[in-house]
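Chains as they are written, first to last, in my numbering: chain A, 1 to 512; chain B, 1 to 512.
Calculated from the structure, these hints are not laboratory results. We put the beta carbon where it would ideally sit given N, CA and C, even for glycine. It is possible that some hints are incorrect.
A few chain A residues that don't get close to chain B, going by computed Cβ distances all over 12 Å [what the hints assert, rightly or not]:
id: 1; residue: Q125
id: 2; residue: R133
id: 3; residue: N134
id: 4; residue: Q475
id: 5; residue: T509
Below, simulated EDC-like cross-link-like pairs (lysine to aspartate or glutamate); rule was C-alpha separation at most 20 Å, straight line [claimed, not checked]:
id: 6; chain 1: B; residue 1: K111; chain 2: A; residue 2: E242
id: 7; chain 1: A; residue 1: K332; chain 2: B; residue 2: E340
id: 8; chain 1: A; residue 1: K101; chain 2: A; residue 2: D24
id: 9; chain 1: B; residue 1: K333; chain 2: A; residue 2: E242
id: 10; chain 1: A; residue 1: K332; chain 2: B; residue 2: D446
id: 11; chain 1: A; residue 1: K333; chain 2: A; residue 2: E222
id: 12; chain 1: B; residue 1: K165; chain 2: B; residue 2: E242
id: 13; chain 1: A; residue 1: K101; chain 2: A; residue 2: E71
id: 14; chain 1: A; residue 1: K333; chain 2: B; residue 2: E340
id: 15; chain 1: A; residue 1: K333; chain 2: A; residue 2: D171
id: 16; chain 1: B; residue 1: K165; chain 2: A; residue 2: D171
Restraint ranges, calculated between C-beta atoms of paired labels, are given here [said to hold, decoys possible]:
id: 17; chain 1: B; residue 1: Y45; chain 2: A; residue 2: D345; range: 35 to 41 Å
id: 18; chain 1: A; residue 1: T509; chain 2: B; residue 2: K450; range: 15 to 21 Å
id: 19; chain 1: A; residue 1: A40; chain 2: B; residue 2: G482; range: 57 to 63 Å
id: 20; chain 1: A; residue 1: D345; chain 2: B; residue 2: Q135; range: 42 to 48 Å
id: 21; chain 1: B; residue 1: E20; chain 2: A; residue 2: R395; range: 43 to 49 Å
id: 22; chain 1: A; residue 1: L10; chain 2: B; residue 2: R349; range: 46 to 52 Å
Protein chains: 2
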Amino acid sequence: MEETLRQSLLSIVGPESFSEDPEDIVSYARDLWPRTTILARGGTYTSYSSEAILWPKDASQLSRILKLCNEHNLPFVPFGAGSGVCGGTVAIRGGLCIDTKRMNRVLWFDKERGLARVECGINGQILEETLNRNQLTLGHFPSSIYCSTLGGFLAARSAGQLSTKFGKMEDMVSSAEVVLPDGSVVEVGQERPDLLQALVGAEGTLGFFTQATLRVHPLAEERLLRGIKFTDVATGARAIREILHAGIRPAVVRLYDELDTWMALAGGKKEGEPHEKNQILEAIKQRVPQDRLMRAAFSFALQLAPKAGVVADLGPRLLGAGCLLILAFEGKKRLVQAEELAALDIAARLGGKDLGRSPGEAWLQKRYAVSYRLSKVFDAGAFADTMEIAITWNRLMPLYDAVRKALQDEAVVMAHFSHAYHEGCSIYFTFSSSAPDEASSLERYDRIWKRALDAALAVGASTSHHHGIGLLKAQHLRRELGTGGALLDALKHGFDEKQLSNPGKLGFTRTD
Amino acid sequence: MEETLRQSLLSIVGPESFSEDPEDIVSYARDLWPRTTILARGGTYTSYSSEAILWPKDASQLSRILKLCNEHNLPFVPFGAGSGVCGGTVAIRGGLCIDTKRMNRVLWFDKERGLARVECGINGQILEETLNRNQLTLGHFPSSIYCSTLGGFLAARSAGQLSTKFGKMEDMVSSAEVVLPDGSVVEVGQERPDLLQALVGAEGTLGFFTQATLRVHPLAEERLLRGIKFTDVATGARAIREILHAGIRPAVVRLYDELDTWMALAGGKKEGEPHEKNQILEAIKQRVPQDRLMRAAFSFALQLAPKAGVVADLGPRLLGAGCLLILAFEGKKRLVQAEELAALDIAARLGGKDLGRSPGEAWLQKRYAVSYRLSKVFDAGAFADTMEIAITWNRLMPLYDAVRKALQDEAVVMAHFSHAYHEGCSIYFTFSSSAPDEASSLERYDRIWKRALDAALAVGASTSHHHGIGLLKAQHLRRELGTGGALLDALKHGFDEKQLSNPGKLGFTRTD
C-alpha cells in the first residue's frame with residue numbers, strides 16, 4: 001500500500017483502528033465457509049487476504065474510507081463476525097477488510113412504536129440480551145447468534161429459528177443508514193418504491209449497513225412447545241402447509257426427515273431429567289447409546305462414503321424413527337392455546353402422533369449446539385456443510401428427492417424443514433463427506449455443491465434461503481435471477497462501476 | 001405523429017387496438033385526480049392529453065411499443081382503469097397512453113401453494129370474484145375495487161380494507177413480469193436482494209407490470225365484526241396499538257374520529273332491518289334524519305367554509321358521538337373467537353364500550369359506497385379529496401392535530417384510521433371545501449395539499465400510504481426520500497435515461 005494512502009487511512013480511523021499485522025491479516029482471511037476450512041486444515045490460511053484491516057466507528061469514517069478507496073481503485077470488503085458459510089467476506093482482489101464491530105450500540109428503543117435503532121456491528125446475542133433486559137425481543141434466533149452481527153444478518157437476509165412468526169431479517173428492518181460504495185451516506189426506508197429491499201441481501205456489494213431501525217416485540221407471555229410424529233416427511237410437510245393456510249402462525253416449525261429425526265431425538269435428552277414416555281426415542285436409545293450416536297452417524301461419512309448415503313438413509317427407516325415435527329406457539333396465553341389446539345387438530349387428521357412437550361423442550365435447550373458440532377467433523381478429517389434452499393409447496397418433495405439423488409454417491413444427506421411460509425418452505429440439507437486428501441476433498445466439495453444447486457435450480461428452488469450467496473453460489477444466483485439481474489446491475493453501475501465493493505459476490509463481474 | 005411511426009404501432013397492435021379518436025383522447029386525458037375533476041367541471045378536459053391510445057395484449061406487444069418509443073423519443077404513460085386520485089396517469093408530455101385492460105386473464109391458480117398468476121390489466125372485482133368462485137380470496141378490497149386494475153394496485157402500492165391481516169399489494173405479490181422502460185421484459189421475484197419491491201409503487205416510471213404471481217387464501221370459515229366506542233380518538237388508537245402488539249391480527253381495523261363517527265354511524269342502518277340497541281346511533285338519528293345527514297354535513301363545506309371546520313368539529317362532540325372502532329376477525333372459527341375475546345379485553349381495559357356487531361355489519365354492507373358519494377360534492381359546486389398518510393404510533397396524534405390545524409381555515413376535515421401495523425398506522429383524511437370560481441377553487445385545492453403535506457412531513461409522516469404519488473405529491477415524495485432518492489434515480493438512469501416512461505411522476509425530472 002502506498003504510504004500516502006496509508007497515512008490518509010490512519011488519519012481517518014486513527015492508529016488503533018488500522019492494522020497490517022500478519023496475525024490480523026490471517027485472522028480475517030476467511031469466514032466459516034467450509035471450503036476455506038478445508039484449505040486451512042491443510043495449512044492454507046490466506047487464499048484471500050486483505051492488505052489491511054480497518055475498524056471505523058461510524059458512517060462518517062466509513063464514508064471517507066470508501067471515497068479514498070474510489071480515488072485509489074482499492075477494493076474493500078465488509079466484515080461482521082465472520083460466521084458466514086458462503087465466502088461472502090473473502091477478499092478475492094485484496095484491498096481493505098472493513099470490520100464493522102466497533103459500531104455496536106443500541107441507540108434507542110421504543111416500546112410504543114415497537115422499534116429500536118441499532119448500530120449494525122452489534123453482536124446478535126448482545127442485541128437480543130439488551131432488548132430482553134427491557135422486556136423486548138427482536139425475535140431473531142439464528143444458530144449463529146453468538147458469533148454474528150446485525151450487519152451480517154442484513155447483508156445475507158438472515159433467518160432465525162422463529163422466522164415463521166417474526167419473519168426474516170428483511171421483514172424485521174424498517175429503515176437503515178447505508179454507506180453506498182461511492183461513499184455517499186443514505187437513509188433508506190420502506191418508502192414507495194422500496195429500495196431498502198434492494199440493499200438487504202446485497203452482501204456488501206451495494207453498500208454497508210451502519211445503522212438500522214428494527215421491529216421489536218414484547219416478550220411472549222406464554223410459549224407452548226409440541227412434538228408430533230408423522231410417518232413420512234411428505235405428510236409432515238403437508239401438515240405444516242395446512243397449519244399455515246389455516247391462518248395459524250407457529251413461532252417454530254421444524255420438520256426433520258428420518259435421519260435428522262433420529263439425530264434430533266437422540267440428542268434430545270435433557271440432562272438430569274427423565275424423559276417422558278416417548279416410544280421412538282426409547283426405541284432408538286435402546287439400540288444406540290446417546291453419546292456414541294453422533295460419532296456413529298458421522299462415521300458413515302468418514303468410512304463408508306460414497307455408499308454411506310444408502311446406509312444412513314435406511315437405518316432410521318428400519319428403526320421406525322418416522323419424522324418429527326416440532327412446533328412452538330408464543331404470545332398471549334389465550335391465543336397460543338387456540339393456535340396449538342387448531343394445529344393439533346390438523347396434525348391428528350393427517351395421522352400425526354402427539355409426542356407432548358419434551359421433544360420441543362429438548363430442542364430449545366440445545367438449539368444453538370449444532371453449529372459447534374460441525375468443527376468436530378473437520379477435526380476427524382471429513383467435511384460437512386449445509387444448504388438451505390426454498391421452494392413452493394407443490395415442488396417441495398421433488399426438491400427433497402432431487403437433491404438427495406444428486407448427492408447419493410457423494411455424501412450422507414439429512415434434512416429438516418425449518419422455515420415455512422404461505423406459499424412454500426425451505427429445506428435445510430446437511431451433507432457430510434470425506435476424501436483421501438485435500439485436493440480430492442476440495443474436488444468433492446465443489447462437485448457436491450454444483451450437483452446440489454444444479455438439481456435445486458432444475459426443480460425451481462431458490463439459490464439460498466438465508467445463508468446468502470457469497471462466492472459459493474454467485475453463478476447459480478445469476479441463473480436464478482435471469483433477466484431480472486439487469487436491475488441489480490443498474491444499481492451497481494450507478495454506485496460502484498469499478499466493482500470495488502466486495503468484489504465477486506452476487507455474481508458481479510469486473511468490467512475493466 | 002409521423003406516419004411511419006403510426007404504421008409501425010399499427011403493425012404491432014392492429015387497427016382495433018390503436019386510436020387517435022378525439023373521444024378516446026378526451027376519455028383518457030384524466031383519471032380521478034380531483035384537480036382534473038375541478039378542471040373538467042369548468043370544461044377543460046384535455047390539460048394532459050396523449051396523442052394516441054393503444055391496447056396491447058401482452059408483454060411482447062408492449063415491449064415492441066416501448067422500443068419504438070425509445071427510438072422516436074416518444075413518452076408513454078401506463079393506464080389501468082383510471083381510478084387513481086393523484087394524477088398518476090396524466091400525460092404531461094403527450095405521447096402514447098397505453099391501456100393495459102386487454103391483459104385481463106387469470107392464467108392459473110393453485111390452492112396448494114396459495115398462488116395465482118394473473119395478467120395485470122384485470123379489474124379488481126373480477127379478479128376477486130374469479131378467485132371466490134374457487135373458494136379463494138386475494139384479500140384485497142380497496143374502495144375502488146370496481147373501477148381499478150391489478151396493475152394500478154401494483155403501481156401505487158394499493159391497500160385494501162383488510163390490509164392489517166392480508167397486507168398491502170406489495171405484500172401480496174410474489175413475483176411479476178415487467179416490461180422495463182427500454183422495452184426489455186424481465187421476470188422479477190423476491191430473490192436476494194429483492195428488486196421487485198423497487199418496482200412495486202414506481203407508478204410506471206420504472207416499467208409496466210404485465211403479469212403477477214399473487215398470494216391467495218382460502219375463503220374464511222368465520223368472520224366476526226365488532227363495534228367499540230371510545231371517548232376520543234387517541235384512546236381508540238392506543239387500543240389498536242395494544243391489540244396489534246398483543247399479536248392479534250384483525251382483518252379490519254377502522255377507527256373514526258368524532259365527525260367521521262357521526263357520518264359512519266348515521267349511514268349505518270341496514271335497510272329493512274331494525275337496529276340493535278345502540279345509544280349513539282339512536283341519539284344521532286333522533287337529531288338528524290339519516291338521508292339528510294350527508295347533505296347536511298357537506299353543506300358545511302359548501303356554505304360555511306372557511307369556518308366550517310370549527311362547526312363540523314364541534315357538532316359531533318356536542319352530540320357525544322365519541323369515536324367508533326370497527327374490528328373484524330376472520331379465519332378459523334376457533335382462532336377468530338380467541339382473537340375477538342383478547343381484543344375486547346384490551347378495549348374494555350381502555351374504557352371502550354362494546355357496541356356489538358351492528359356497526360361493523362352496517363359498514364361491511366356499504367363499504368364501497370363512499371367513493372361514489374364524492375362526485376355529488378363536485379356536482380354541488382364544491383370539491384373534496386382524501387389524503388392517506390402513515391406514521392409511527394408515537395407521532396400519530398401530533399400528525400392528526402397538525403394536519404387539521406394546517407387546514408382549519410381551508411376545509412372541513414374528518415379522518416379515520418384504517419390501516420394499522422406493528423409500528424404505526426395510517427390516517428385517512430377527508431377534506432371538503434369550496435371557492436367562488438374555478439380559478440380560486442384550484443388555488444384553494446393546491447394550497448390545501450401543500451399545507452397538509454408540509455404539515456405531515458414536518459411531523460415525520462410518509463407522503464402517501466396507498467393512493468400513490470402521481471403528479472400531486474411528487475415534490476413531497478422527493479423530500480421524504482432525501483438522500484435515498486439517488487437509488488431510485490440510478491434505476492431510472494439505467495433503463496430510462498430519456499425519461500420517457502410516465503414523465504414527471506415520482507419527481508423524476510428531465511435531464512435533456
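Inset, instruction - Starting from K332/A, check that the Cα of D446/B is at most 20 Å away, please. - result: Violated, because 47 Å separates the two Cα atoms, which is more than 20 Å.
Inset, instruction - Find the nearest Cβ of chain B to the Cβ of Q125/A and say whether that gap is larger than 12 Å. - result: Holds, since 23 Å exceeds 12 Å.
Legend entry - Least C-beta distance from T509/A to chain B larger than 12 Å: Holds: least Cβ distance 17 Å, greater than 12 Å.
Legend entry - K333/A paired with E222/A [C-alpha distance capped at 20 Å]: holds (5 Å)
Legend entry - Straight-line alpha-carbon gap K332/A to E340/B, limit 20 Å: Holds, because 13 Å separates the two Cα atoms, which is no more than 20 Å.
Legend entry - Least C-beta distance between R133/A and chain B, which was stated to exceed 12 Å: holds (19 Å)
Inset, instruction - For the pair supplied as a hint, K333/A and D171/A, confirm whether the alpha-carbon distance does not exceed 20 Å. - result: violated (25 Å)
Legend entry - Outcome of range test on Cβ distance (L10/A, R349/B; 46 to 52 Å): Given a distance of about 59 Å, which is not inside 46 to 52 Å, the answer is violated.
Legend entry - 42 to 48 Å as the expected CB spacing between Q135/B and D345/A, which holds or is violated: At 20 Å between Cβs, range violated.
Inset, instruction - Can you let me know if the beta-carbon spacing of A40/A and G482/B is within 57 to 63 Å? - result: Since the Cβ atoms of A40/A and G482/B sit about 44 Å apart, the hinted range of 57 to 63 Å is violated.
Legend entry - Holds or violated: K101/A to E71/A, with C-alpha atoms at most 20 Å apart: Violated, at roughly 25 Å.
Legend entry - Consistency of beta-carbon spacing, K450/B to T509/A, with hint 15 to 21 Å: With Cβ atoms ~47 Å apart, the hint is violated.
The structure fails to meet hints 10, 13, 15, 17, 18, 19, 20, 22 from the earlier list, while all remaining hints are met.
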